[in-house]
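K.L.:
Listed below, chain by chain, are the residues.
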Amino acid sequence: MASNQEEVTLLGVTRSPFVCRVHIALKLKGVEYKYVEESLFNKSDLLLKYNPVHKKVPVFVHNGKPIAESLLIVEYIDQTWTHNPILSSDPYQRALARFWSKFIDDKVVGVTSKAVFTVDEKEREKNTEEVLEALQFLENEIKDNKFFGGEEIGLVDIAAVFIPFWIPMLQEVAGLELLTSHKFPKLYKWSQELINHLVVKESLPPRDHVFAFIKRRYESLFISK
Amino acid sequence: MAKVYEVVKVFGTVGSPFAKRVQIALELKGVQYTFFEEDLRNKSELLLKYNPIHKKVPVLVHNEKALVESLVILEYIDEVWGSDQPILPQQPYHKALARFWSKFIDDKYMPAITKAAFSANKEEREKGSEETVEALEHLENELKDKFFGGESIGVVDIAAGHIAFWLPAIEEAVGLKLLTSDKFPKLHKWGHEYTNHPAVKKNLPQRERLVAFFKARYASIITASK
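Keeping their order, the protein sequence lines are chains Y and F.
In this text, residue positions in the first sequence follow my numbering: the first is 1, and each later residue adds one.
In this text, residue positions in the second sequence follow my numbering: the first is 226, and each later residue adds one.
In short, the hints are calculated from the structure, not lab data.
Note that the structure is a prediction, hence the values are computed from the model and not measured.
Mixed in with the good hints, there may be bad ones.
[Claimed, not checked] One side of the interface only, derived from the structure: several residues of chain Y facing chain F at Cβ under 10 Å: (1) F18; (2) F137; (3) Y218.
[Stated by the list, open to error] Among the chain Y residues that face chain F by a calculated CB cut under 10 Å, a handful are: (4) Y50; (5) V53; (6) H54; (7) Y76; (8) L96; (9) K107; (10) V199.
We put the CB at the ideal spot given by N, CA and C, even for glycine.
If we strip away everything but chain F, and leave its shape as in the complex, we get (with noise of 0.2 Å):
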């Protein structure tokens, strides 16, 4: 439980979801914050003050330190505000495959998505697509039990949570269809777990609003394209 003394403060905006893997292990570690919604065309003083080399959310400022990148703020939050509810294995080779596949979430998952959701260019969008289902199948893979972390929420679970959420609403939203439930029965149902694990659910933004956010810039860019 953090302390009366400690001020923590959360720089994000409503829809990202790296932003959300911060204040579901907030959530998860009983740790009260202030939360700075951030508009990105114009950004606060405080969000250049406390991140000018990225200039990006989410920021997490701890008794005024500041801290960016949301897998190492997860491992942050996971050393300061104790064991109760663990984030990360123990174990040092656990630990490695936990960064390993929060890595591969970053590096291959997501990238894969935008440029099968958001490039301008058809043939890139295919490859996108090619490539997010590639990145699933490892995913769909892995996935050995209720949640990536075993019986309870890990890292990899809150990494993974664009997934959950924010595909379904991007594949409505531009109509595509890459997490069916015959090619990833696991990923599905973890899906549904994780969505409504009570740290997570308090903390998704609405759908509506996010498809209709991800239908606006998939408009913009098919026009900008034209």
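With the rest of the complex left out, here is chain Y (with noise of 0.2 Å):
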């Protein structure tokens, strides 16, 4: 268990699934920690120093230690604050959940990204079709679970706020159809199990500002045609 001495530290911007997915497994553990804001326009000398290779958000740091990848960060903070685990201890499980939670990031998160900041009508519909696949392949994965996790959230569920929280303001902002609940009803039950978990509910940025956000970048790329 980690001491009361700790310092642990958080660098990321408001409106990033990822830098959630760590306020999520921080808060899940009941870690303190000081929150950083960065600004990816601006980068600071202190995220230049942790994330040289990347230079990207999320970074953790944990006593001077520098971790970054949300997902990597996420099984550290697992492994050093046991409490309230957010992967099985079953080997098996464990690969399940990482499969999973790979699944999520290569084929939903990037892919709807693609999907939605895109002018061509092409790679919109190619990109839609992905997405739309991998939702499914979700949906079949969630059975009558409440959460990927069982009764508790876990990697995946962690992985995957994405969903809930981000898809409906992209498809929103784009105009298109992804996470409904008629095409997908257990996953959208399960999303909205997600968003009203206690935890996940205050890691949760602010709508508006994310919204915002999304909003100008779609509009941006139309700007300059």
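Bring the two chains, given one by one in their own frames, into a single complex with the hints.
P.N.:
What follows is the structure, given as structure tokens:
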């Protein structure tokens, strides 16, 4: 169990779903931490020092030692503060959780961005198809479970917070239909449970702030046309 | 040592660097397994049953439980088959760093070298070469001991296997010179040590076949782009 003399800092930006994952993990564990808002247009010396390879957020610093990549950070948090476990102790279940978290990163988060932030209709169509396919796999996977982690949220739920919070805003701005209750009833039900989970609610950024950013970014694509 | 009632299967192709990662890890742990060689143009029913989502190799099947994604499989192997020859560090911070570099290899190095060698467009290939060199520079700086894992090989070494064996084959096949010994003295030496490690040596594909494979792939891309 970590001692009380811990120095825990999270570097991030409010709008990021990746940073949100780390907030959730820390709040789930009840860890006290300092949050530093970065500007990605004017990166701080601290960020460049702690993540020289990617220069991105989130960056997690524990007693002066930095870690980058949100899912790696979440696993580190789980191993360091061992109450309220985020991962199962069973190796096969852990492997499945890691598989699905990677799946969400590769097939949902990145691809949704590509579907939304493009002026190319063909790109939009192709990526939309891919996201729908990915959501269908998740629909099949959640079955009748409350969360991917079972009765409590786990690594996959934390990784997937993008789906209930960011996707509805992205699809609204771009006029797409991705996560709907009639297409994905079980996933939709899960998404509502996740959004209303006490710790998740506390960790989500202000909706208006994120929506405004998405809208600005989307509209800027069409300005130069 | 694997118990008698454990059934372990690995689905892969002879030339796949990702399948080799799994095979090397099982070798290190002394685990017996059956290797199912796949033809990716004509995937077997078993492969499609065990990996319906991605339909790719490698797949590890342990007592009928299937796992995909080579790095996920490596962690599983490490957790199940004991700590005699640990592949990942036990300490959480070092473990996080090892995972970070393994992910870096997959996210940054692999796409870069594919782009550098096999893009149809010349500008894309040049950009790929730059990105490959950048990735190699980060790895060169990161390498401080005999192996990324220290005195013995670890997950980062296994993940970086492509650099030790596939990269030189690609360079020969398509005429690239990226991993030079003057620019990357540590990586060069590491490549030598790694390919000569007994667990790795047993599990390398035939170099000539690999070069021929890459030559053919390069030729078909260049032809198609004309």
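K.L.:
Minimum Cβ distance from Y:V199 to chain F below 10 Å?
P.N.:
This interface hint is violated because 22 Å lies over the 10 Å limit.
K.L.:
Minimum Cβ distance from Y:Y218 to chain F below 10 Å?
P.N.:
26 Å, violated
K.L.:
Using 10 Å as the Cβ threshold, decide whether Y:L96 counts as touching chain F.
P.N.:
8 Å, holds
K.L.:
With a cut-off of 10 Å on the beta carbons, see whether Y:Y76 makes it to chain F.
P.N.:
4 Å, holds
K.L.:
Double-check Y:F18 for me: the hint is only fine if its C-beta lies closer than 10 Å to a C-beta in chain F.
P.N.:
Violated, because the Cβ-Cβ distance from Y:F18 to chain F comes to roughly 13 Å (cut-off 10 Å).
K.L.:
With chain F as the partner, please determine if Y:Y50 meets the hint condition of a C-beta pair closer than 10 Å.
P.N.:
Hint violated; Y:Y50 Cβ to chain F Cβ min 12 Å, cut 10 Å.
K.L.:
Does the closest beta carbon of chain F sit nearer than 10 Å to the beta carbon of Y:H54?
P.N.:
8 Å, holds
K.L.:
Next item in the hint list is Y:F137. Is there a CB on chain F closer than 10 Å to its CB?
P.N.:
6 Å, holds
K.L.:
Is the hint on Y:K107 kept, meaning its closest Cβ partner in chain F is under 10 Å away?
P.N.:
9 Å, holds
K.L.:
Should the interface hint for Y:V53 be scored as holding, given a Cβ-Cβ cut-off of 10 Å against chain F?
P.N.:
Holds. Min distance 6 Å.
Checked against the numbered hints above, the structure violates hints 1, 3, 4, 10; every other hint is satisfied.
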